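Undergrad: Given the coordinates of chain S, assemble chain L onto it according to the supplied hints.
There are 2 protein chains.
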Amino acid sequence: MLKAAVLMTMGLAYGDLAQAATPPTVSTRAMAIHRQVLTLDTHLDTPAHFTRPGWDFAARHSLATDTSQVDLPRMRTGALDGGFFVIYTPQGPRTPDATAKARDDAIMRAVEIREMAARLHDRVALATDAADAERIITSGRTIIYQSIENAYPVSGDLGLLDTFYALGVRMVGVVHFSNNDLGDSSTDPKGAEWHGLSPLGRQLVAKANSLGMVLDASHGSDEVLDQLLDLSRAPIILSHSGCKGVYEHPRNVDDPRLQRLAAQGGVVQINSFGTYLAATVPDVERDKALQELNTRYGKRHEMTMAQTAAFVAERDAILQRYPGFERSYEQFAAHLLHALRVLGPDHVGIGLDWDGGGGVSGMKDVTSIPRITQTLLDAGYGEGDIAKIWGGNVLRVLKAVEAMADHPQSSSSQ
Amino acid sequence: MLKAAVLMTMGLAYGDLAQAATPPTVSTRAMAIHRQVLTLDTHLDTPAHFTRPGWDFAARHSLATDTSQVDLPRMRTGALDGGFFVIYTPQGPRTPDATAKARDDAIMRAVEIREMAARLHDRVALATDAADAERIITSGRTIIYQSIENAYPVSGDLGLLDTFYALGVRMVGVVHFSNNDLGDSSTDPKGAEWHGLSPLGRQLVAKANSLGMVLDASHGSDEVLDQLLDLSRAPIILSHSGCKGVYEHPRNVDDPRLQRLAAQGGVVQINSFGTYLAATVPDVERDKALQELNTRYGKRHEMTMAQTAAFVAERDAILQRYPGFERSYEQFAAHLLHALRVLGPDHVGIGLDWDGGGGVSGMKDVTSIPRITQTLLDAGYGEGDIAKIWGGNVLRVLKAVEAMADHPQSSSSQ
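Keeping their order, the protein sequence lines are chains S and L.
Counting with my numbering, you get residues 40 to 453 for the letters of the first sequence.
Counting with my numbering, you get residues 40 to 453 for the letters of the second sequence.
No lab work stands behind these hints, which were simulated from the structure alone.
Quick caveat, the model's predicted, so the values are computed rather than measured.
Among the hints, a few may not be true.
All copies of an identical chain are treated as equivalent in the list; a pair is satisfied when it fits inside any one copy or across any two copies.
Computed list of lysine-lysine pairs in DSS-like fashion (alpha-carbon distance at most 30 angstroms, straight line) [said to hold, decoys possible]:
hint	residue 1	residue 2
1	K140	K246
2	K438	K140
3	K229	K327
4	K246	K438
5	K229	K246
6	K438	K327
7	K229	K438
8	K140	K338
Excised from the complex, chain S in its bound form (with noise of 0.2 angstroms):
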C-alpha cells in the first residue's frame, strides 16, 4: 500500500512527468476508496503492443518513449484490477481472402493475451465470468477479460464466435470505423449502408445472445444501437462512447438512447478519446502537420523505440505551437458527469480507450485515473455508487448476460 503521503502528490511522483505539467491532486480519501473498490477498464488496446520487439506488459514502459498507456506496473500504479483487453482488428476489404486473414489475425491476438496471460500467470489471470473478478482480484492478480472490438474476423462464418468464446472472449463489438458485413458504422463517410444491422449482425445478436457473450454498441451507428435494443435479449454495453448531450459527434450517444440502454439494464462506458470529446478551433496548419507526421512515421505498433521518442517529441513540437488542440481532463469529465446525471450512478462506467486514441491532458495514462475517483466524490457520489461505476455495473451486466446464455457456463478459467 502507498503511504498517504505519496499519494497526496500521486500525480507528480508517478505520473508521465514530462507531460503533467498541471499534476492533479488526489486526496487521501480519495486514493483509499479508489484503491478500495473493484476497478475495471471496458476498452483497453493495450493487447495491441504486445508483439512489439522489446515490448513487455510486465515492465513499465512510459507514453514519451514508446506510446504506450497501460503495463502492468502502470495498472498497480493506477490502482486498475483489470480489464477487457481488446482483440481490434481494423476493418479490411469484404472478401473471403480478407476476411478469413481478419480470422487468423483475431485468433492469434487472442493467443498472445492468453499467453501474456500464461507467462505472467502469478501476476495476472484470465477471467472469462463475472464472478471471476472478485477471485481474481482477491487472489492479488490482474484481472484479464477479453473483447472482439469489430467483427469482422467473424462475418464470413458467424460459427467463429464459437472460436473466440471457447478462446474466452465475452463481449463482442459490431463494427469500427466502416460498415461491414454485420451493420453500419458510426464514421462512414459513406453513411448507412443497412440501416442499423445486416440480417447477418441481426443473427450475430442471436448468436451473442445464446453464447453468454455481452454485445458492444461503440463505434456501431444510432441504428444499430437501436436494433441492438431491439433484438438484445440481454442487457448491452457501450465498452467506449461519450455523450451527444456535451458535444454533438457522430460516435457519442444522445440522451435518450442512453435512457433507453440504461432501461434495459445495460451501462455506457465513458471513453478518453479527444476526438469524440469536444471540438478545437479548426487549424488547417496543425491538422496539415499532424497528418504529415502521421504519414511519414506510419503505424505505431510498427515503429522502433527510437522511431518512437522521435515521433512522440515531433509531435510534442506541434502541439506545442498550435496550443488547444489536446482536450482536457475536465471535458472528459465532462461527458462523465453529464452521463451520471442522466442514468444515474447504475448505468455509467469507464472505458478509456487506452492505447486506442484515449488520453487527455491531466490524464495521460493508466497512472492517472484516481483523478475519475477524485472527480466522483467532488460531484458527491459515495463509496458504493463509485464502486458501481468502476466496477460493479460491468459486472451485473455480464451476470445478466451469463444468466440468459442459452447453456450458461461455469467459469473455466485458470
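TA: Same frame as chain S, but now just chain L:
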C-alpha cells in the same frame, strides 16, 4: 550432466521402478552419444494431459499413478530434446456442427500447447521452422513443435489450415482410426471409401505444400500414402508407423512403399504402439477383461488421479494373470532395425506415440529411450547415423518442406 556410474544403471535409477522388472543397461558411450545428438520424437500425445486437473508438464509424474509417459523432468532424464506435440482430434460425425466443434477443440489444444510454452518459457520454446531446433536446444530449452493428428478439424473449411499454420503447426496427418472427408483410414472396418484421398484431401495436399506444412501419412490407408507420394511436391513423413515386413498389420507399411517414401526424401518414424508391433496369443478371456476394465473406467484423461491409480493396479493385475500380452522392447526394435536395413539411416527416425498408446515392456516411458541409442550402437550405427535417426532426418524433411513452400517463412517463434 549425469555421471557415468549413474548412467550405467539409469534404467533402475530413473526408470519406472515399479514396472522395470529387467532394467536395461545403457553404456556410458551410448548415453554420451544419446546426450550429444539432438533427439526429437515426432509423435507426442502428451498435450492430452495438459488440461487434467492437477497435472503439470513441468512436474515429474509416473505411469503408475496417472498413466502419463512424458513430462519435462522425464524428458530431461531420458535426454529427449523435444518433438512434435500433437493436436489430436478423435474422428467424430462428419456434420457441420461436429466439424465446427472439432475445429474449436483443435484450436484450443494448440492454445494449450502455446500457453504451456509461455508459462515455462525459461525451460521450453515453441519451434516453427527447422532452424529453431538447434537454436532452442543451444539455449538449454526443450523444443516444442506442433502437429495435427487427423485433419477432420479443417475439413469444414480448408482455409483453417492457415489458422493452424499461424498457431505454429508444421505437420498435418490426414486421418485417424476412421475414414473422414479427406481420405481413408488404414483401420476403418468399413474399408476404403475414397480409395485414398478425397477431392478435398487432394486440396489439403496442395494447401499444406503451399504453406510449408509436412504431410503425415500415418493412420492413412496404403492408397492415401501412395497418393500423398504422387501429389506432394515436398517430402512427406510417417510420424509414427511400423513395418509390414516385420508384422502384417494395416497400420504398418510394406517395404516397397517405404522405399518409395525414402526415394522422395521422406522419413518413417518408428512407433512403439503394441498392437502394431507383433501378434499376441489370442485370448478371449484376457481381451474381455481388458475391455470390461476400459469400459468401466472410461477415458483415461478424464479420470481423477485416484481413479487412475486404481485403473493401473487393476490393469497390471490382468496383465499378470495373462502373461505375454505386452509387447517387448525387442519387438519394437525389430521394426526399427528392419526399417534401417531396408532404407538406410537417412530415412528412419523415432515417433513412439507416448501418451497415445505407445510403450513396451522394457521401455514404458520417455526415461527409457536411451535404450534406443544403445540398440543402434549395437547394430553398428555410428554417431553420425544416430544423429540423423534421432532428429537430423525429420529436420531435413521439415527444411525441404519449408524450401518448397510458396512463401517461405522466416522464423516467427520466440
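Undergrad: Now tell me, hint by hint, if it's right for this structure.
TA: Structure-based check of all given hints:
1. K140 with K246: both (22 angstroms within a copy, 15 angstroms between copies)
2. K438 with K140: Between copies, since 25 angstroms is at most 30 angstroms while 32 angstroms is not.
3. K229 with K327: within (23 angstroms within a copy, 71 angstroms between copies)
4. K246 with K438: For K246 and K438, only the intra-copy Cα distance (17 angstroms) is at most 30 angstroms; the inter-copy one is 43 angstroms.
5. K229 with K246: within (28 angstroms within a copy, 38 angstroms between copies)
6. K438 with K327: Answer is neither; intra-copy 47 angstroms and inter-copy 50 angstroms both fail.
7. K229 with K438: Result: close neither inside a copy nor across copies, 37 angstroms intra and 49 angstroms inter.
8. K140 with K338: within (19 angstroms within a copy, 37 angstroms between copies)
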